[in-house]
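The sequence shown begins at 1 in my numbering and counts up one residue at a time.
It cannot be assumed that every hint is accurate.
Stated by the list, open to error - The calculated lysine to aspartate or glutamate pairs, modelled on DMTMM-like cross-linking and capped at a C-alpha distance of 25 angstroms, are:
no. : residue 1 : residue 2
1   : K82       : E96
2   : K82       : D103
3   : K82       : E8
4   : K82       : D69
5   : K82       : E98
6   : K82       : E40
Simulated from the structure, these hints should not be mistaken for laboratory data.
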Amino acid sequence: MTAPVLAEVYAGDARTTVHLGGALVASPRLALRWLRGQAERLANGLDPDPGAPWIPRAALRAVPPAERDAPAELRAWAADDKCRGEALDRIASGGEFEFVVRDGACWYRLTARPLLIPDFTRKADALINVQSLIAPPGCPMS
Numbered sequence: 001m002t003a004p005v006l007a008e009v010y011a012g013d014a015r016t017t018v019h020l021g022g023a024l025v026a027s028p029r030l031a032l033r034w035l036r037g038q039a040e041r042l043a044n045g046l047d048p049d050p051g052a053p054w055i056p057r058a059a060l061r062a063v064p065p066a067e068r069d070a071p072a073e074l075r076a077w078a079a080d081d082k083c084r085g086e087a088l089d090r091i092a093s094g095g096e097f098e099f100v101v102r103d104g105a106c107w108y109r110l111t112a113r114p115l116l117i118p119d120f121t122r123k124a125d126a127l128i129n130v131q132s133l134i135a136p137p138g139c140p141m142s
């Protein structure tokens, strides 16, 4: 059985971190699918298509090209099957995934990690075995 995976999205600047959302899902594949949708949502919110029907005319203005382009990096990650495949392998093997992009003074972070839930059954069995080593059979532990 695969451990559940926590996927989260954060944004911030040098002073503040904001949790934009999270999802607890059943598998690494579902976590990356959710993160892909969030990357596209962020990119479209930061840099919408000027012809989108929901944008009022003349609401957007062109900005000069920047050294870093977070929306473009988010879109590139969302479209990169190889990159997401590597992330899938990392999460499936119990590791954490983090993707961070910067845009001017802000940053955006996508994360995913398996939630390793302890198996209390095995711990209880181990405790019983340790107790049997400490106390002779038939003698209660004090």
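Would you pick out the hints that fail for this structure and give their numbers low to high?
-> none
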